[in-house]
Amino acid sequence: MKPYLIGLAVALVLAVAPFVLGGYETNVLMMMLFFVILAVGLDLVAGYCGQFSFATGAFYGLGAYTAAIMSRDLGSPIWLNLPAGAVVAGLFGLLLGIPALRLKGHFLAIVTIAFQTIVYLVISQWTSFTGGQVGVSLPNPAPLTAFGVTLVQLGSLRSYYWLTLAVAVICLLLAWRLAHSRLGSEWIAIRDDETLAAAVGIDTTRGKLTAFIASAALAGVAGVLTAHAMRGVTPDDFTIWISATVVAMMVLGGRGTFIGPILGAVFLVLMPEVLGRLAEYKMLIYGSLLVLAITLMPEGVIGRLRRRAAR
Amino acid sequence: MDLFLQYVANGVVTGSTYVLVAVGLTLIFGILGVVNFAHGEFYMIGGYVGIVAITMLKLPVLAAIAVVLLAAALVGLVAEAILHKPLKSRDATNSIISSFGLAVALQNAALLVMGPQPQRLNLDVSKIPVLSSLPTDFGPVFLPQQRTLIPLTMVILIGVLYAVLKYTWTGRSLRAMAQHATVARLCGVRVQSVAVVTFMVGSALAGIAGMLMSSIFFVYPVVGNMIALKAFTVVILGGMGNVAGAAVAGLLLGITESLTSAYVANSMRDVVGFVFVILVLLFRPQGLFGKAAERS
Chain F
1 MKPYLIGLAV ALVLAVAPFV LGGYETNVLM MMLFFVILAV GLDLVAGYCG QFSFATGAFY
61 GLGAYTAAIM SRDLGSPIWL NLPAGAVVAG LFGLLLGIPA LRLKGHFLAI VTIAFQTIVY
121 LVISQWTSFT GGQVGVSLPN PAPLTAFGVT LVQLGSLRSY YWLTLAVAVI CLLLAWRLAH
181 SRLGSEWIAI RDDETLAAAV GIDTTRGKLT AFIASAALAG VAGVLTAHAM RGVTPDDFTI
241 WISATVVAMM VLGGRGTFIG PILGAVFLVL MPEVLGRLAE YKMLIYGSLL VLAITLMPEG
301 VIGRLRRRAA R
Chain P
1 MDLFLQYVAN GVVTGSTYVL VAVGLTLIFG ILGVVNFAHG EFYMIGGYVG IVAITMLKLP
61 VLAAIAVVLL AAALVGLVAE AILHKPLKSR DATNSIISSF GLAVALQNAA LLVMGPQPQR
121 LNLDVSKIPV LSSLPTDFGP VFLPQQRTLI PLTMVILIGV LYAVLKYTWT GRSLRAMAQH
181 ATVARLCGVR VQSVAVVTFM VGSALAGIAG MLMSSIFFVY PVVGNMIALK AFTVVILGGM
241 GNVAGAAVAG LLLGITESLT SAYVANSMRD VVGFVFVILV LLFRPQGLFG KAAERS
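Quick note, the sequences are listed as chains F and P, same order. Be aware that the first sequence starts at 1, since it is given in our numbering, and climbs by one per residue. Be aware that the second sequence starts at 1, since it is given in our numbering, and climbs by one per residue.
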């Protein structure tokens with residue numbers, strides 16, 4: 001029960017935060033929530049299942065472009081775009097998961113980077129469909145209505161922030177349940193020893209594919225939220241640097257610890273705000289932190305703490 | 001037909017840079033087992049050092065080449081200390097993440113120092129003694145000397161590398177390491193110095209490629225991303241750790257890309273290699289020319 005109570009308390013604090021904070025700070029918090037979803041999503045496939053993916057940015061972009069293009073061509077509202085983005089990104093996750101069945105370690109890493117690059121090239125060059133370098137712009141999110149009655153206005157920053165928070169909480173709950181389900185244990189077994197996992201009767205094909213799909217779908221959801229929050233998408237929002245940032249968040253916090261990547265995301269999103277003028281060096285710092293973390297503390301902050309506690 | 005030959009020649013020029021970058025990458029992988037995602041940054045640094053040496057310091061070309069070689073080798077030395085030395089007893093994912101972090105850090109350092117605008121090297125070929133007397137027309141094919149220089153340098157450097165690997169003591173220890181690291185150590189190969197040499201050679205080759213290409217294409221901070229991916233494509237096609245395979249696959253990729261952009265669509269140029277690589281990894285993971293071996 002304890003993790004749920006802590007989660008609830010944090011969510012409540014975040015829910016009242018916009019009353020205290022200004023618009024800029026609320027935007028930062030919203031950005032933080034997007035990255036929390038991304039980092040937890042990556043943790044499912046890389047931390048729990050041990051399949052390294054550098055394609056988070058691609059799935060993030062696929063979700064965002066799904067929302068943007070659906071809004072443009074079909075005029076669909078956000079509550080329809082959210083599941084659609086998850087499904088589209090999830091399908092591409094399945095697509096990337098198939099080579100992952102046969103590849104390990106560096107081969108897999110190369111394929112995920114190639115996938116990330118292909119997605120970027122396609123969205124930046126297929127001008128007639130994706131708008132090329134200019135991207136696609138989105139209208140203000142339409143209010144959530146049921147039977148002609150307006151339930152929630154989403155036009156203002158505050159209401160959109162609450163929607164983001166609600167979706168993030170649902171995503172984290174789902175991810176938590178998945179990670180602690182039988183399927184989650186199968187992922188851990190595959191990560192620890194794939195041969196042994198297969199030998200005791202775990203369907204490793206199913207395990208790996210589900211991890212890829214879950215991870216991609218979460219990134220897709222974050223993409224839809226981002227697209228509507230930014231009122232538009234451009235290819236340069238979904239480069240390999242996004243993947244690098246999310247990998248850094250997960251590694252710093254601790255792979256396969258669930259809470260670690262969340263803290264990593266919070267830390268790396270808030271850090272540039274504290275740095276002030278040094279924020280220009282953000283990506284330089286992220287890259288160096290990644291090198292330092294893997295050299296000195298490959299299990300991450302939370303992993304290190306847990307190991308110390310276990311002694 | 002004439003145009004076809006021109007496209008092939010252009011492909012050979014880009015393919016030669018792929019060879020230069022990929023050979024270093026495949027050496028680092030084959031000998032040390034490090035998957036170096038920061039390899040494209042060696043290329044980028046080579047390009048920038050070349051621009052600084054020739055445009056700002058006004059050095060003659062040969063001296064500039066020496067400066068680039070030296071600077072890139074130095075970068076390789078540092079990269080070894082970051083990517084290989086502290087991580088060599090750990091599993092491969094560590095060096096993957098670490099080199100990825102190093103790549104991002106180097107790109108952003110370049111962005112801060114050199115700025116985001118693409119830059120180009122004005123290589124005045126008329127001042128280079130032998131090169132300026134070379135013809136620019138080979139039958140129906142037209143190649144400016146800046147372009148001819150690239151395959152030429154590639155052939156010379158790869159030839160030297162091949163001779164070094166084959167006939168010198170250093171080359172023997174490199175090959176011994178590639179075959180079996182533990183046995184090599186038992187036979188008295190100095191593993192640490194071999195590692196440093198491998199990184200320095202790989203980085204120097206990529207740096208030269210970056211400098212030579214910067215007289216034809218622009219250099220910008222993230223130019224290495226695409227080059228590294230191309231080099232990985234080449235390494236995988238040629239078989240991980242296979243120098244000769246990388247040389248053949250590099251030229252093949254260059255020519256394929258050139259023909260794709262001429263006869264299919266220019267936007268497909270970069271995609272074709274990656275699609276190829278995913279297919280090869282799925283159906284022939286040992287590479288086009290590699291022998292099948294079990295992977296653990």
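Hints were generated in silico from the structure; no laboratory data involved. Errors might be hidden in some of the hints.
[Claimed, not checked] Label pairs and their computed distance ranges (CB to CB):
(1) F:GLY201 to P:GLN192: 38 to 46 Å
(2) P:PHE283 to F:THR127: 26 to 34 Å
(3) P:ASP91 to F:TYR24: 39 to 47 Å
[Claimed, not checked] Partial list, computed: chain F residues near chain P (C-beta under 10 Å):
(4) ILE118
(5) TRP176
(6) HIS180
(7) GLU280
The model shown is predicted, which means the values in this text are computed figures rather than measured ones. Ideal Cβ placement from N, Cα and C applies to all residues, glycine included.
Hints, one by one, checked against the model:
| no. | hint | result |
| --- | --- | --- |
| 1 | F:GLY201 to P:GLN192: 38 to 46 Å | holds (45 Å) |
| 2 | P:PHE283 to F:THR127: 26 to 34 Å | holds (33 Å) |
| 3 | P:ASP91 to F:TYR24: 39 to 47 Å | holds (43 Å) |
| 4 | ILE118 | holds (5 Å) |
| 5 | TRP176 | violated (24 Å) |
| 6 | HIS180 | violated (24 Å) |
| 7 | GLU280 | holds (7 Å) |
Against the hints set out earlier in the document, violations occur for numbers 5 and 6.
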